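Chains as they are written, first to last, in this note's numbering: chain V, 174 to 452; chain C, 174 to 452.
Since the hints were derived computationally from the structure, they do not count as laboratory data.
Note that the list lumps identical chains together, so a pair holds whenever it fits in one copy or between two copies.
The list that follows gives simulated cross-link-like pairs (lysine-lysine, DSS-like), each with its CA atoms no further than 25 Å apart:
1. Lys426 <-> Lys371
2. Lys303 <-> Lys452
3. Lys197 <-> Lys223
4. Lys348 <-> Lys452
Note that this is a predicted model, so its numbers are computed, not measured.
There are 2 protein chains.
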Amino acid sequence: MNIYIIGIGLIGGSMALDLKLHYKEATFFGIDSNEDNLEEAIELGIIDQKAAYKELINADLVIVAVPVDVALVILPEILNNINEDTLVIDVGSTKLPICEALANHEKRRNFLATHPIAGTEFSGPKAAIKDLFQGKTNIICEVEKTAYLQQQMSLILFQKLGMRIRYMDPKSHDKHIAYVSHLSHISSFMLGKTVIEKEKNERDIFDMAGSGFESTVRLAKSSPAMWTPIFKQNKENIIETLNEYIVNLTHFKELLQNDKYDEVFNEMQNTNRIKEILK
Amino acid sequence: MNIYIIGIGLIGGSMALDLKLHYKEATFFGIDSNEDNLEEAIELGIIDQKAAYKELINADLVIVAVPVDVALVILPEILNNINEDTLVIDVGSTKLPICEALANHEKRRNFLATHPIAGTEFSGPKAAIKDLFQGKTNIICEVEKTAYLQQQMSLILFQKLGMRIRYMDPKSHDKHIAYVSHLSHISSFMLGKTVIEKEKNERDIFDMAGSGFESTVRLAKSSPAMWTPIFKQNKENIIETLNEYIVNLTHFKELLQNDKYDEVFNEMQNTNRIKEILK
Numbered sequence: 174m175n176i177y178i179i180g181i182g183l184i185g186g187s188m189a190l191d192l193k194l195h196y197k198e199a200t201f202f203g204i205d206s207n208e209d210n211l212e213e214a215i216e217l218g219i220i221d222q223k224a225a226y227k228e229l230i231n232a233d234l235v236i237v238a239v240p241v242d243v244a245l246v247i248l249p250e251i252l253n254n255i256n257e258d259t260l261v262i263d264v265g266s267t268k269l270p271i272c273e274a275l276a277n278h279e280k281r282r283n284f285l286a287t288h289p290i291a292g293t294e295f296s297g298p299k300a301a302i303k304d305l306f307q308g309k310t311n312i313i314c315e316v317e318k319t320a321y322l323q324q325q326m327s328l329i330l331f332q333k334l335g336m337r338i339r340y341m342d343p344k345s346h347d348k349h350i351a352y353v354s355h356l357s358h359i360s361s362f363m364l365g366k367t368v369i370e371k372e373k374n375e376r377d378i379f380d381m382a383g384s385g386f387e388s389t390v391r392l393a394k395s396s397p398a399m400w401t402p403i404f405k406q407n408k409e410n411i412i413e414t415l416n417e418y419i420v421n422l423t424h425f426k427e428l429l430q431n432d433k434y435d436e437v438f439n440e441m442q443n444t445n446r447i448k449e450i451l452k
Numbered sequence: 174m175n176i177y178i179i180g181i182g183l184i185g186g187s188m189a190l191d192l193k194l195h196y197k198e199a200t201f202f203g204i205d206s207n208e209d210n211l212e213e214a215i216e217l218g219i220i221d222q223k224a225a226y227k228e229l230i231n232a233d234l235v236i237v238a239v240p241v242d243v244a245l246v247i248l249p250e251i252l253n254n255i256n257e258d259t260l261v262i263d264v265g266s267t268k269l270p271i272c273e274a275l276a277n278h279e280k281r282r283n284f285l286a287t288h289p290i291a292g293t294e295f296s297g298p299k300a301a302i303k304d305l306f307q308g309k310t311n312i313i314c315e316v317e318k319t320a321y322l323q324q325q326m327s328l329i330l331f332q333k334l335g336m337r338i339r340y341m342d343p344k345s346h347d348k349h350i351a352y353v354s355h356l357s358h359i360s361s362f363m364l365g366k367t368v369i370e371k372e373k374n375e376r377d378i379f380d381m382a383g384s385g386f387e388s389t390v391r392l393a394k395s396s397p398a399m400w401t402p403i404f405k406q407n408k409e410n411i412i413e414t415l416n417e418y419i420v421n422l423t424h425f426k427e428l429l430q431n432d433k434y435d436e437v438f439n440e441m442q443n444t445n446r447i448k449e450i451l452k
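Just chain V, same shape as in the assembly (with noise of 0.2 Å):
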């Protein structure tokens, strides 16, 4: 079996890791547009060689973890090098754009849209790890876009990594994603941003910063070259998101300027109902 892994960063390199365990017979191929990134992923022994896009011919599996801006570019490319039995799965954070841009691909059949909802905020091979999927959901987009066979294979695989399955339209997936994930990672990002332009002195953040300003800044140390081109294809949501977070941050400042600390109170009491909803 041969396994192409394109792009070997936290999420591509970590589903190598995970499948190698399960596919021992397989050879793992790396592309990456990065030559050091696959160096390193040899070394780490998350890939077995370098590829070519041309030896696609040859793949059982493709897993396509590049920015969602070179997804778009790439992966009509790389359906039109595969053979007629190959799956090419992507895994990026938008659903959309990718199922717009295949959608009349002679090859669409051997794709399947995938989004697994897990990750750090670290990138690059060196921020793969075991088991990242392990209980894990993964959102599947238009599966019946995709062939019998194919859709069987990529079953098969997300039990292997562990993974429970959901399946969605990309229009909603990309509307649900923008809240529960591409705003934290703003709100994030605006966090770490205020409080540095604020404090000067970084020894006073470094030593007053608790567990908890950790834990909400800890998104801002993800990468810019992986968000920057998932803002932009989610361009539309996530302004709505936005705007919503500003209103709600509005209103509480106003509570506060106008003393109204048993609203203050409530509107913290029931969002303490996120305890619930996340257990």
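Starting from the structure of chain V, add chain C where the hints point.
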């Protein structure tokens, strides 16, 4: 040695658990407005027995770990009840109001104003955990207003808890902490609110929430009873931080609206510096 813990929740309870290992001969007394908390604290081995304010004359050490509005009311009374050698420590998240309230108290020199930068999003005696303070910073305010012997006693105490000490005036404390802690809580609460309001189907939140959302929304599980009085006491500083946060979020939104993705990238890259600051 008689140690009195007033308010047996996350902070008071965790301090008691650690101090028990270091002051094995001491008796730990508990005072709490909630009788159930006291019973629970005895069952959990956090305190040895219940006590009353009038018994504080026997106290060597009093740790006051109550909501900051309650602290303003009970601390003068506590100081009225102690003996001349007792050390009284408060651990609240705002320092200027309590320092002002006690400035002219005849037992001011028995009091030390501190803010241990440690905690979790949980509350109550069950939230008490061992080693919560290990390696954390304790901000001490107006140390010069505490008598030398009580200063020494407190330094030994915090050393046993494994804490680093940072001295700061209460006004600066409240200003810095608004950025590094209080704003984080509001950003998290309002993020939780925005998502809950939008996602009427809670299953969608649960399915799509990754570790990133969980991390940014963690503080939205915090106790409104604890946080409302903190926001009230630190209102002016917090409104300033909220204004700056809202300006930054609005600017980011406008960059997206105007398709200025190079600047979106730069905003994130500049904030990535938080990685080094927190290291």
